[in-house]
Amino acid sequence: MSASESNLDRVVPEDWSVTDDDEALAALVNLIVVLADNKFFLGRRISEWLPGGPSLESAVALAAIAQEELGHARALYPLLEEMPLVDTPGPLQRGAERERKYCLDCLAEPWEWWAEVVAALILVDPALTILFRALEDARYDDLRQRAARVPSEERFHRKYAEGRVRDLARTDQGRETLQRRIDGMLPEVLMWFGPSGEPGVAALKAQGLINSDNDEMRAAFQTDVFPMLEENGLRVEVGELPWKRWNNLQRKVE
Amino acid sequence: MSATIQDLQAALAGVHDPEYPVSVLDMGLVRGLAVEGDTARVRLTYTSMGCPCKEMIADDVRDALLAVVGIERVEVQEAFEPWTHRDLSGRARRTLAKLGVA
Amino acid sequence: MTEEELLERIREGKLIEGPEYATDKYIEGLKRTLVVSGDTELISAPAYMRAARNAPKINSYISVAGIAQDELGHAHIAYRLLRDLGVDVEELVYERDPKDFRHPYAFDVPLDTWAEMVVANGFYDRAGFCLLDDIFENSSYGPWKRALVKVEREENFHLRHGERWMATMAGDPEQKKELQAAVDWMFMMTLEWFGLPDSMKRHGDQIAYGMKGSTNDELRQTWLSTAVPLCEQHEIDVPAHYDDDSESWVIDAPFPCEFDEDEKRWDFDGGEISWERVLERWARRGPANEELVDQIQRGYKQLSKSLEVAA
Ligand SMILES: [Fe+2]
Ligand SMILES: [Fe+2]
Chain E
1 MSASESNLDR
11 VVPEDWSVTD
21 DDEALAALVN
31 LIVVLADNKF
41 FLGRRISEWL
51 PGGPSLESAV
61 ALAAIAQEEL
71 GHARALYPLL
81 EEMPLVDTPG
91 PLQRGAERER
101 KYCLDCLAEP
111 WEWWAEVVAA
121 LILVDPALTI
131 LFRALEDARY
141 DDLRQRAARV
151 PSEERFHRKY
161 AEGRVRDLAR
171 TDQGRETLQR
181 RIDGMLPEVL
191 MWFGPSGEPG
201 VAALKAQGLI
211 NSDNDEMRAA
221 FQTDVFPMLE
231 ENGLRVEVGE
241 LPWKRWNNLQ
251 RKVE
Chain B
1 MSATIQDLQA
11 ALAGVHDPEY
21 PVSVLDMGLV
31 RGLAVEGDTA
41 RVRLTYTSMG
51 CPCKEMIADD
61 VRDALLAVVG
71 IERVEVQEAF
81 EPWTHRDLSG
91 RARRTLAKLG
101 VA
Chain R
1 MTEEELLERI
11 REGKLIEGPE
21 YATDKYIEGL
31 KRTLVVSGDT
41 ELISAPAYMR
51 AARNAPKINS
61 YISVAGIAQD
71 ELGHAHIAYR
81 LLRDLGVDVE
91 ELVYERDPKD
101 FRHPYAFDVP
111 LDTWAEMVVA
121 NGFYDRAGFC
131 LLDDIFENSS
141 YGPWKRALVK
151 VEREENFHLR
161 HGERWMATMA
171 GDPEQKKELQ
181 AAVDWMFMMT
191 LEWFGLPDSM
201 KRHGDQIAYG
211 MKGSTNDELR
221 QTWLSTAVPL
231 CEQHEIDVPA
241 HYDDDSESWV
251 IDAPFPCEFD
261 EDEKRWDFDG
271 GEISWERVLE
281 RWARRGPANE
291 ELVDQIQRGY
301 KQLSKSLEVA
311 A
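Chains as they are written, first to last, in the numbering used here: chain E, 1 to 254; chain B, 1 to 102; chain R, 1 to 311.
Simulated from the structure, these hints should not be mistaken for laboratory data.
Computed from a predicted structure; not experimentally measured.
Using N, Cα and C, we set each Cβ at its ideal position, and we do this for glycine too.
Incorrect hints may have been included.
For lysine-lysine, the following DSBU-like pairs were computed, each having C-alpha atoms within a straight-line distance of at most 35 Å [what the hints assert, rightly or not]:
no., chain 1, residue 1, chain 2, residue 2
1, R, Lys14, E, Lys205
2, E, Lys159, R, Lys150
3, E, Lys159, B, Lys98
4, R, Lys14, B, Lys98
5, E, Lys159, R, Lys14
6, E, Lys205, R, Lys57
7, R, Lys176, B, Lys98
The following label-pair restraints were derived from C-beta to C-beta distances [stated by the list, open to error]:
no., chain 1, residue 1, chain 2, residue 2, range
8, B, Gly90, R, Asn138, 41 to 51 Å
9, R, Thr113, E, Glu216, 44 to 54 Å
10, B, Gly90, E, Arg180, 45 to 55 Å
11, B, Gly90, R, Lys31, 34 to 44 Å
12, B, Arg86, E, Asn248, 39 to 49 Å
13, E, Asp183, R, Asp262, 19 to 29 Å
14, B, Arg93, R, Asp100, 35 to 45 Å
15, E, Asn248, R, Thr113, 33 to 43 Å
16, B, Gly90, R, Glu137, 49 to 59 Å
17, B, Arg73, R, Val36, 27 to 37 Å
18, E, Asp183, R, Asp269, 51 to 61 Å
19, R, Asp100, E, Glu198, 49 to 59 Å
20, R, Asp262, E, Asp141, 18 to 28 Å
Working from the sequences, and respecting the hints, build out all of it.
Put into structure tokens, the structure is as follows:
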């Protein structure tokens with residue numbers, strides 16, 4: 001390829017005019033910080049296991065995945081600074097800049113067990129991808145461009161994750177170990193898509209900023225991930241989700 | 001006299017990827033190049049969103065363009081466009097094949 | 001093939017393409033060299049990730065993860081060659097006692113600060129580069145020589161990463177102090193990395209067999225010839241200078257010397273000690289040895305032994 005002489009559109013962002021709906025704007029800010037923080041901490045947690053995959057090939061793959069997760073966070077944070085709101089949460093660089101973290105509980109502390117890495121790779125990462133897909137035709141160029149690139153990078157993460165699920169599911173003991181982690185993470189991941197009929201998401205949808213509602217995304221996630229888990233003898237039943245303990249701002253269970 | 005696009009391209013031909021002896025042009029990272037008075041604007045994409053050399057590449061590009069006669073300001077923008085092996089030039093492919101990477 | 005025939009081939013500059021073209025003695029020497037190289041690359045990954053916890057920005061954290069990925073790839077190259085020579089690499093990497101790893105003692109001293117991270121890129125990766133470049137130029141083992149082309153390109157990025165950050169930190173008075181503190185222990189540590197002085201170590205066989213081209217002291221000089229100017233350029237003090245008369249770099253501190261591994265401090269006042277003392281310290285291994293090896297082995301061990309069930 002040689003450089004083209006294309007005119008540069010929007011080197012300096014024009015005045016922000018994505019939406020003038022207050023509810024949609026607040027939901028958009030929340031969506032971006034939630035996606036970015038989850039990518040950030042998923043990347044950090046995976047990177048802590050970077051040299052420790054069960055084979056050298058695994059370790060190299062984990063290193064690549066960790067960089068990409070952090071790269072996705074790195075791409076999103078600058079959008080927060082574009083937002084025409086005064087009190088948007090700031091970007092994370094080191095991870096300790098603000099008290100309030102907008103990530104899932106299962107990403108909040110370092111993982112002690114390999115099975116946690118695998119469970120997060122097969123549950124959390126695909127859940128985030130579902131949300132990125134829902135932004136692929138968002139009427140907000142800077143977000144859409146970034147979101148659109150994510151799923152293609154995630155294909156390799158997914159392939160890797162499925163391989164590691166199969167490694168563990170090969171023995172009864174390994175499968176039970178993974179099952180326990182799945183049981184621990186799955187309710188939180190399902191709830192992460194948010195309650196049915198969430199007003200903020202409805203506002204985003206009305207403004208053309210997201211193409212699916214919470215239930216649709218949750219259903220898409222289940223269709224995407226559950227068959228693969230079941231094929232490997234893993235159970236995906238969850239009881240009643242504890243919505244009473246749901247923190248809508250940080251999108252996590254308290 | 002102001003710089004031309006050709007001047008900028010010539011400068012970028014000398015900016016190598018930090019890990020390979022291949023220029024950012026041959027790598028297919030440069031997605032837009034423009035000159036306006038004494039300002040050069042360049043849009044870069046990276047081989048992955050998590051590219052570990054992103055900052056180094058952007059800085060090298062900036063330094064190279066600032067060295068062009070007539071350029072006083074450089075704006076580097078990230079394009080977030082997909083990158084695949086098809087974006088490599090023939091020359092890049094040959095070099096990388098010789099190194100045993102692509 | 002006899003030793004004499006093998007040495008003759010090597011003298012003629014012919015490359016050895018596999019164990020069938022060499023003697024047992026050659027292969028044993030090659031294996032030892034490959035284990036040291038593989039272990040050194042491998043241990044640097046957890047060592048660098050440990051220091052990355054204090055990376056100032058996402059960008060810098062990602063850069064270190066990228067560097068760690070490269071190092072794992074380099075380790076993989078060395079171990080793959082070992083596997084081809086009949087070594088059980090799984091056992092070697094995942095079941096070996098941490099004390100039996102062959103990486104230099106330097107990596108057993110934990111890297112904690114971001115300054116230590118970037119000095120590691122500037123010093124340790126430079127040492128690695130000097131050693132690998134010597135192997136690349138002189139190795140008689142074809143498969144390794146060819147694999148090293150890619151390794152060298154990547155090490156070049158690690159070095160530049162270190163140099164750029166050292167330049168940035170040197171420009172800020174507070175950060176410069178941190179940088180100097182890191183250099184104060186890591187400079188001598190890297191000098192030690194190159195091993196026993198030529199007066200105590202015979203390289204005859206290693207060089208004749210094409211395992212390396214330069215002696216320990218020569219490699220130490222090569223490292224000094226770029227590491228010292230780098231520091232001088234940023235007005236960072238190092239105990240070494242170029243001596244015009246002898247046309248060589250001279251170390252201006254007792255070397256070797258006692259090292260306090262908890263304080264990360266060299267006991268210059270205690271004066272020069274014997275290399276036997278140093279070898280004893282190396283054999284004990286350093287404070288981070290077990291932690292770093294565990295970082296590498298834990299996934300394998302958990303997967304294969306399902307430790308969690310017992311826990
Ligand atoms: Fe390396
Ligand atoms: Fe390196």
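Results for each hint:
no., hint, in the structure
1, R/Lys14 x E/Lys205, "violated (69 Å)"
2, E/Lys159 x R/Lys150, "holds (26 Å)"
3, E/Lys159 x B/Lys98, "holds (29 Å)"
4, R/Lys14 x B/Lys98, "holds (21 Å)"
5, E/Lys159 x R/Lys14, "violated (43 Å)"
6, E/Lys205 x R/Lys57, "holds (34 Å)"
7, R/Lys176 x B/Lys98, "violated (41 Å)"
8, B/Gly90 x R/Asn138: 41 to 51 Å, "violated (34 Å)"
9, R/Thr113 x E/Glu216: 44 to 54 Å, "holds (47 Å)"
10, B/Gly90 x E/Arg180: 45 to 55 Å, "holds (52 Å)"
11, B/Gly90 x R/Lys31: 34 to 44 Å, "holds (41 Å)"
12, B/Arg86 x E/Asn248: 39 to 49 Å, "holds (43 Å)"
13, E/Asp183 x R/Asp262: 19 to 29 Å, "violated (43 Å)"
14, B/Arg93 x R/Asp100: 35 to 45 Å, "holds (43 Å)"
15, E/Asn248 x R/Thr113: 33 to 43 Å, "holds (39 Å)"
16, B/Gly90 x R/Glu137: 49 to 59 Å, "violated (30 Å)"
17, B/Arg73 x R/Val36: 27 to 37 Å, "violated (50 Å)"
18, E/Asp183 x R/Asp269: 51 to 61 Å, "holds (60 Å)"
19, R/Asp100 x E/Glu198: 49 to 59 Å, "holds (57 Å)"
20, R/Asp262 x E/Asp141: 18 to 28 Å, "violated (54 Å)"
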